[in-house]
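Here the structure of chain A is known, so what remains is to put chains B, C and D in place on it, guided by the hints.
Chain residues, written in single-letter form:
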Amino acid sequence: MTFLLAVATGALYAGGFYLMMRRSLFKMIMGVVLMGHAANLLIFTLGGLVRGLPPYIAEGQKHLGEHFADPLPQALILTAIVIGFGVNAFGVVLIRRVHESVKTGDLDEMIETDSPEELLK
Amino acid sequence: MNQTEEKKKRRKGGRHIASLNLTVGVRYLLPLLIFLSFDILIQGHHEPGGGFVGGIVAASAIALYALSCGPHNARKLMRVSPRIFIAGGLTLALVSGCIPLFVGAPFLTGIWGGSDIPVIQSIGTPLFFDIGVYLLVIGVMMTFLLTLMEDV
Amino acid sequence: MAIKSMKPDRTTPLFGWLLSLIAWGFFFWLARFIRPVASGKTFLFSFSWAPSIGVDLSFYIDGLSLIFALLISGIGGLIFIYAGSYLSGKPLRGRFFLFLIAFMLSMLGLVMADNLILLFGFWELTSITSFFLIGFDHEKEESRSSAMQALIVTGAGGLCLLAGAILLAMVGGTPSLSELMTRGEMVRSHGLYLPILILILIGAATKSAQFPFHFWLPNAMAAPTPVSAYLHSATMVKAGVYLAARVNPILGTTPQWEYLVTGMGFVTMIIAAYLVLISSDLKRILAYSTVAALGLFMMLIGMGTAVALKAMILYLMAHAFYKAALFMIAGIIYHETGIRDAQGLGGLWRIMPITGIAALLALLSKSGIPPFVTFIGKEMVFEATLDSALSLLLTAGVFFVSVSFVVAAFLVGFGPFFKKMPDYGKKIHEVSFSFWIGPMVLSVLGIFWGIFNDRTGRWFVSPAASAIFGDEVNVHLALWHGVDIKLLLSGAAILLGILLYALWGRPFRRMIGWGEDRRWFGPEWGYGMLLDFIRMLSRWGGRILQNGLLHYYILFVIIGAIGIIGLPLLELNIKSLFLKGQSGTFYEIGLVIILLAGILQVVFSGSRIISIVGLGVVGYGMALLFLLFSAPDLAMTQFAIETLSVILLVLVILHIPRLTHHSSRLSRRVDAFFALSIGALITILVLMTAGLPEMGSVGSYFAENSYIKAHGRNVVNVILVDFRSFDTLGEITVLSVAAMGVYSLLRLRQEEKKR
Amino acid sequence: MNLCLLFPILIPMTTGIVALFFWNHLRIQRIISILGGAGLFGSGIYLLLCLLDGGIPTVQIGGWPAPFGITLAADPLSVVMVLLTGTVGLAVSVQSLTGIDSRREAFGYYPLLHIMLMGVCGAFLTGDIFNLFVWFEVMLFASFVLLELGGERAQLEGTVKYLALNLVASSLFLSAVGLLYSAAGTLNMAHLAQRIPEIDHQIFPQAMAMLFIVAFGLKAAIFPFFFWLPASYHTPPGPVAAIFAGLLTKVGVYSLIRVFTLFFPGSSDMLLFLAGLTLVSGCLIALVQTHVRRVFSFLLVGHIGYMIMGLGLFTPLALAGAIFYLIHDIVDITALFLISGLIQKIAGTESIDRIRGLYRSHPFLALLFLVPALSLSGIPPFSGFWGKLILIRAGLEAKAYVLVGAGLVAAFLTLWVLSALWSDLFWRPEKPDEAAKADQLPQEERGWKGFGAEVALYGPVAGLALITLLLGIFAEPVYGLCRMAAGHLLDPSAYIGAVLGGNP
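Residue numbers (the numbering used here), protein chains in the order written: chain A, 1 to 121; chain B, 1 to 152; chain C, 1 to 755; chain D, 1 to 504.
For the record, the hints were derived by calculation from the structure and aren't laboratory data.
All values reported here derive from a predicted model rather than from experimental measurement.
Check before you lean on any hint, since a few could be wrong.
[To be verified] Only pairs whose alpha carbons sit at most 20 Å apart, straight line, appear in this in silico DMTMM-like list of lysine to aspartate or glutamate:
| no. | chain 1 | residue 1 | chain 2 | residue 2 |
| --- | --- | --- | --- | --- |
| 1 | C | K140 | D | D353 |
| 2 | C | K486 | C | D387 |
| 3 | C | K426 | C | D341 |
| 4 | C | K140 | D | E430 |
| 5 | D | K345 | D | E430 |
| 6 | A | K103 | B | D151 |
| 7 | C | K709 | A | E59 |
| 8 | C | K90 | D | E430 |
| 9 | D | K345 | D | E454 |
[To be verified] Covered stretches of chain D, as calculated for chain B (at least 3 residues, CB under 8 Å):
| no. | segment |
| --- | --- |
| 10 | 2-14 |
| 11 | 59-72 |
[To be verified] One side of the interface only, derived from the structure: several residues of chain A facing chain B at Cβ under 8 Å:
| no. | residue |
| --- | --- |
| 12 | Y56 |
| 13 | V82 |
| 14 | A89 |
In this text, a Cβ means the ideal position worked out from N, Cα and C, and glycines have one as well.
If we strip away everything but chain A, and leave its shape as in the complex, we get (with noise of 0.2 Å):
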């Protein structure tokens, strides 16, 4: 399961980082949101795959029991995932805004801050 889900993870980096360099930015912004799982698809898989005994105490008792889920991991990827998710809602406005601005959804047409034609002069 573990190299399961380590292929998982390669395969989502590879799908993201295979948007981001398309033309368009509505993948590129896809990219953004893939690579986000990634990395958390990661810290998931090497946090011990556990099945089935979440980071409980049970009632009445004091401590989790001999097996149970690292919740460290857990609540990393809770942080991440949040952090994801402020963004992917500032990312998704911001490409609208570019967008709107630029009037092209075309990456490949947004080179005016760092023109070639500006240097060749």
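Same frame as chain A, but now just chains B, C and D:
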């Protein structure tokens, strides 16, 4: 001329679905959802949930209201601007972190008082911290949604 | 227009006089050292600055530094007076004087510094101040580019000097020059000797305008004449000579030193002497003859014999005097007539006789006629070359240079005054006292020294030559040595020079002048080419690296990341990755397959809605994974957030029209290749890490203490609000910032629309 | 309990929150912002005093013992960085009073500015690798919003590139944290420093080191990763760009230093290689830029190479040099970017072709430009000279001749670039009609006029210029501090001991 007037109108009302059924449904659903979100918030210390998810549920409730009755009314419902929720949430979190400083404990130390309170069992600064998160999440989500809905 | 108004301006000349007091102050303070130094004493003044970096404000006064310091402060005083008149009425002259004072102080620091790094510091400051002085007429393109050129050439040399100085201090074990002088043997036998030598010589050569770096000096004549007279003849350009002389006891006497320094000096001297003959701009003539003199000094230092060093010092002093005087005279001529071309001048003797007298004296001095000190100097130079191994070649070279000096002297000091007067088109006056006093004093001193040659020898030449030689050098100067080959050579040089001057004119220059208008083969052409090449590289680099296309940026980052991270992984045993681990159940594997399918859908779907759905599949798939593997809190949050994200995407993005342009197939394949590579790289990293032995995680602490100490049963939530609440504090801050961002993105535009 | 560690985080946070409450009252926000900047500066000094007083101050947040909770710790490097953050923060918040137009002010400029400062300070002080990630994100988000704030087209385009590449960095950083946690079972950096050498694998530590080079290299804008910087830093208003340029890349450099001294100590050939390429490529490309701030941006990139060079050499001298250069660079680059903002205000453009004659029309500006420019070129007695001197000597002592060559080439190119810039902007004669235009622009744009406004505009730059001079003149004590910091980095046992406080 006509177009601009229409825009103005839409701007005032924002984008929403004006359906009576929905409006009535939401009216009843809203308190329920808010209560649920509170429950998730308070229970979060012991069961799945917590300030963040609770905040999202509450925000969804208000979002539903905004969807049916218009963002303008949603703002009225919230009474204060989402920004105040954000600032308030941050303040609550910060203050709950600073309280321990006055008793000589490090920043963000959990200070617990009174045990065996029903439902929450015990009360302490981490709870306030979580409430801060809850308020902030509501503020943030509503900022996202309301500005988007009001955006023509 | 550089000269805005020519209104009589009484304040600036007075200002010049006042400022010269600073220079005189230094001069007289230094003069007190003449006698003790002549008797063999040295002085070291040291103030602590940054001792742990090896830099102290330590100053060393011996024969060599004293003579330079005296020249700098003494001539500086005269220059201030002269500049006061020269610049009266010009704009921004206050800043000019500021830079001139800064220059003088840096120059004094340079020649007196005992600490090598301190010396370098002052060296750089002289480059910088001279940049501002050359560029004084900054509204002229020529001034700006000449200032840049001088700075670039001397700056590059300065950096070589820095490296050389640090290495020297490392090898010698101390940054103190006075201490290093006692450790010459150690340095010369070290493996880094040659690099040190070359680096320091490059520094010296750029500053002293040695071939092939000589071209900046004539161009620097765009500076106002006081600057040319001060920096480009009397002081700054001699810094390189000073440096070579200073390090002679440390680095000198080896064959490498002799070949490099002598060869460099000789070539410079010959080329510059030739260039003198074919120039006609007064200041350029003087500049080239300065370069020739600098070459001569370098050659003499390279030869390193006692007599050569004596000759060098003597000639250097004389040169400083007559060259500064001639520059000032050329400046006066230009100031009054507005002409700098030797061919367009004449008849000034009758109009400005005082200046004429000064010019005549300087001319005689430069030509090396007795009783001027130059005469003695030239005799000694011949003596040194005749003694050397390559006596014929070197003597012939010096002879040629002497001839060209005579020509130059006549072109500047004779022609403008005694040739037929052209029509200047305006009234010309004799200049004021503070204008001519400088050149006059300097010219007269030339005779003075020649006559009192005994004192000159004892007070100045002997201590300085001893300091360079590293051992006691006895000096006995005399005007008359009897008729010998040296005298004959001197006499012949003067006569030949006068003859050439008489022939000098357009036809003559055309006959020999195949260098002036065909610069393309010269070093200046090379310099221009080099600069253009660097600029081209820069443009090329900018176009390749910073081309504005995000696509390439990310591609470069990926390639860089693969190269960097992949490098250590090359040694990895791939087999070790495929080990143990629980196998997945049927539905778990199915879930992963759905996840992968979702990724493919997002990546390859042409429709935006389907991509978004694919993204949803990935997100909910992740949530299910969390749920399956004991993370209900994560599942809950992921679920909620995924829903919100999809809503957001649909709400916000759908009205962006679909993009119809696509990248080329090749580009897509390249992208896919690198994307897959980095994906694989990360998979390998994960597998490698998963295979590491357990180390005991801090997670168990939370399991132990969550309920007991933090009163919570949901350990994940307790971590978030208590154990690691600081992270959460940061996280909610991030969210609030994101909200502000969205708000400003959408609202600030509305403001824009209203306007 | 050490309050001195908390102030640099709590003061900007409180400032941000209070400013958020006064969203509609710009005047109050301005006052709060200035107070916050001054407070941050003061807290930096207080922190320095704490350090000098009694060793490395630490706080176990939440009272949870290390390595379980989050620890804040301030070794000399952190203290220096916080102090500089305060300095730059104060300078920028003062200049913002007139350097930022009221539209931007009304959309949360001040809260964002201070939240960013909070993130920067948090990153400098935290002793926990995941917490570092969180502070990185705080800083990054605030910078996203500050960059886009105003919504001009160029800003938006720049933000897209900035966002994309920085998110790649964040994602890789987060992955690296996950990998490290899995391998070593801890997040506390001091604890990690103890455990990483125990990891029984021949490649894992090297691979992690490389991953961190990529993740932090992207933030620090080193060689193949710097593209986002020149693409975006010239788009926002001067003060914003100044604080970005002065601080954000340095957080990346700081993190590299932290990680490579704690986790992967020793000389790194890869870092040296990248440092050389960064030095040459950055300064080289600066040469033909036609926009003032892009020139500075590329120079900024190039000069990052010096610090990486010092880190890669990993000798006491080199590390001290890197820290000296870090200090110098923060002050100097901030000053230069603030000046570019001033030029923008005065000339209404930053296109080099269109600006001329400032030497005569704005002599004070010329002086203010000159000081940081000379300092960056490494001219004594300014701070840049010392940094360069120490690093080159360290390189020569380590026999890294090629790298020293790259350093010297970069220094040469810097001198060339800046003198050409001076020649164009200040020395070229102005055209009469353009001169008239240039005179009108500032009156139109600036709301607040008079002497106070002038002080707010020029004062911060003058202050920073003075600091770069003082850093050079008092090189000995500054270098002493750098050596102390380098000593702590080379032998982190004091840091580790302070953080773990006797715990395992």
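Each hint, compared with the structure:
1. C:K140 with D:D353: Roughly 16 Å between the alpha carbons, so the hint for K140 (chain C) and D353 (chain D) holds.
2. C:K486 with C:D387: The given pair, whose Cα atoms are some 12 Å apart, holds under the 20 Å limit.
3. C:K426 with C:D341: holds (17 Å)
4. C:K140 with D:E430: Holds: K140 (chain C) and E430 (chain D) sit about 12 Å apart, inside 20 Å.
5. D:K345 with D:E430: Satisfied, since the Cα-Cα distance of roughly 17 Å is no more than 20 Å.
6. A:K103 with B:D151: Judged against 20 Å, a Cα distance of about 18 Å means the pair holds.
7. C:K709 with A:E59: holds (16 Å)
8. C:K90 with D:E430: Satisfied, since the Cα-Cα distance of roughly 18 Å is no more than 20 Å.
9. D:K345 with D:E454: Holds: K345 (chain D) and E454 (chain D) sit about 12 Å apart, inside 20 Å.
10. 2-14: Our answer is that it holds, as 5 residues pass the Cβ test (under 8 Å) against chain B, meeting three.
11. 59-72: Result for this restraint: holds, n = 5.
12. Y56: holds (7 Å)
13. V82: holds (6 Å)
14. A89: holds (6 Å)
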